[in-house]
Amino acid sequence: MLPVALGSATKLIGLVMHSRKEYVALMELHREVDPEKVTAVLKQFVGRIYQRPPLRSSVKRALRIREIYYIEPLEFQDRYVLFRVGCQSGTYIRKLCHDVGLVLGVEAHMRELRRTATGHFREENGVYTLHEVSEALYLWRRYRYEELLRKIMQPAELIVANLPKIVIRDGAVDAIAHGAQLAVPGILRLHEGISKGERVAMFTLKGELVAIGRAAMDTNEILESKRGVAVRIERVFMEPGTYPSMWKRRKSCE
Amino acid sequence: MSDLVKEGEEFLRKLDELGRVKRRWVSKDEEDTDPRYGYPPYRRPIDLYIRKGLIVIDKPPGPTSHEVVAWIKKMFGLEKAGHGGTLEPAHP
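Protein sequences appear in the order of chains A and B. Using the working numbering, you'd call the opening residue of the first sequence number -18 and step up by one each time. Using the working numbering, you'd call the opening residue of the second sequence number 161 and step up by one each time.
FYI, nobody ran anything at the bench for these hints, they're computed from the structure. What you were told as hints is all true, and nothing was included just to trick you.
Which stretches of chain B does chain A cover? Using the computed rule of at least three CB atoms under 8 Å from a CB of chain A, they are:
#, stretch
1, 172 to 178
2, 189 to 199
3, 213 to 221
4, 233 to 240
The C-beta atom is built at its ideal place from N, Cα and C for all residues, glycine as well.
Excised from the complex, chain B in its bound form (with noise of 0.2 Å):
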């Protein structure tokens, strides 16, 4: 097995313990990864890190969500950005 492929791994064992996920794996094949293709998430080139990641923010009480992320969103200069954390859902 290929490092990338290990690495890969790694990373998805590690999401599945973040997000409480208790199943085993099963294989139907195997392959490896061609490295001239695509990064490992935690070894994106900085530009693309950003544009495909999160932040957890510790929100200060008075500001709302919208407004938290329509600061995020002018510091980075980026066009999009979202929230999780409406106390309103938008289907109740």
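One chain only, chain A, in its complex shape (with noise of 0.2 Å):
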């Protein structure tokens, strides 16, 4: 699975990008092993391990820690063993299998990999062929039949979905969209336990993020203060000019 996210919500993704991935790799042993020693090797993997990346990788090839979370066989047939593995971004489960055949002394390598989750989004929840893609984009473009896309796409929102959240008024929305930072005076509802230095989700009343940023005070704080800044902006998704900007009127006021 591969979240793909398109137009403005392009400038979102790199949020999940980094995040933690699920996998449900083939292993193929060149020896056939007994598949209880199989399942103690791989256990030994979760916690850190030491990874250098492949030949053919995109990054420096330098000895790094990855973390393994957990390492799960789901089925043993001949020299071939089928795992899930759950692990932090950047893991080559390529190598893993390589590094595993090391610790049985049979030698391994990788047949076939499917990722089954990245970050919060797991295949579980729905995923679509690019067949049903194109299937959908042509009942639209031809016949204006929309429900399948809007069935096959889901809001960027869902992007953020693992962060805290902070509910603005109506009239704070476009001085963010403008790059203002959220003051308190904004804020209607937020999470509890928001910590200072946090990263957070702005939301408008109706649902629509405004912007990511990070908590310059803690909920506490929030909740006791009258002004001041509470959270400073680092990526805005809402457009200029979606809601009224209030705030040009109250500055010339002052």
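Since each chain sits alone in its own frame, please combine them into the complex, following the hints.
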């Protein structure tokens, strides 16, 4: 699975890029090994491991540390081992299979690989083939039938689903769209337990993403304050002019 | 509470569930939203829905992620698209 962002959602997708991944991999051992022994060796790879990126890779080939969160064998058949692995972004599963083979003393290589999750995007929540996308586009373009396209696509807001959230008033939206910081009076509701420096996502009352930024105050400070910058904006998603610019009027009154 | 505000609240609850955010919400102030501006995300007009959209692709094993993104860009006739699944992070 591969989350692909379109248009202005593109600037958000980098947030998902470095998040944890989950794969199902098929490893072929070069000689048959007792499944119990394979399981024991796979478990040894859970935790922080050293990996040198393979020859065919787009990063510097220096030894680096990657974290494996879990490995779960799913099936054994002759010399084939099917397993599920959860790992840090940038872990090479091909390399992992090779290294497992070395520890087992029989050598091994990766036969097939499928990504089953990227961050909070999981395969079981729905994935669509390029053919399905093409068909949905055709139905929309040829017959103005939108429903399939709407089913296949999701709003970009889903990209930031894992972040703590703040809901702001209509009147605060356009100032942020124009590059202002979020000030305390613009806030209506927020998540508990936001700490200073933490990344947060700001939404309108309708649920539209306005921007993402770093909290300059924690939740309690925001609740107790009357003024001051609450969030320093990192990336704006809302187009300027979507909401009316109250801030210009307020500025001229001052 | 207006229906639009309720719809927004429900949508954000759904996001929390998807993103596994277990935190509770606290309120500082209450206000309504003007229906003349913006749209609830699932009710954006289709053009805007596409331009602010995301597709989770069931990627075939052959082509690279970059190739898949290039095809999608071409299919939609969009200038910008990007993926969130590189095997190699830009900043290791």
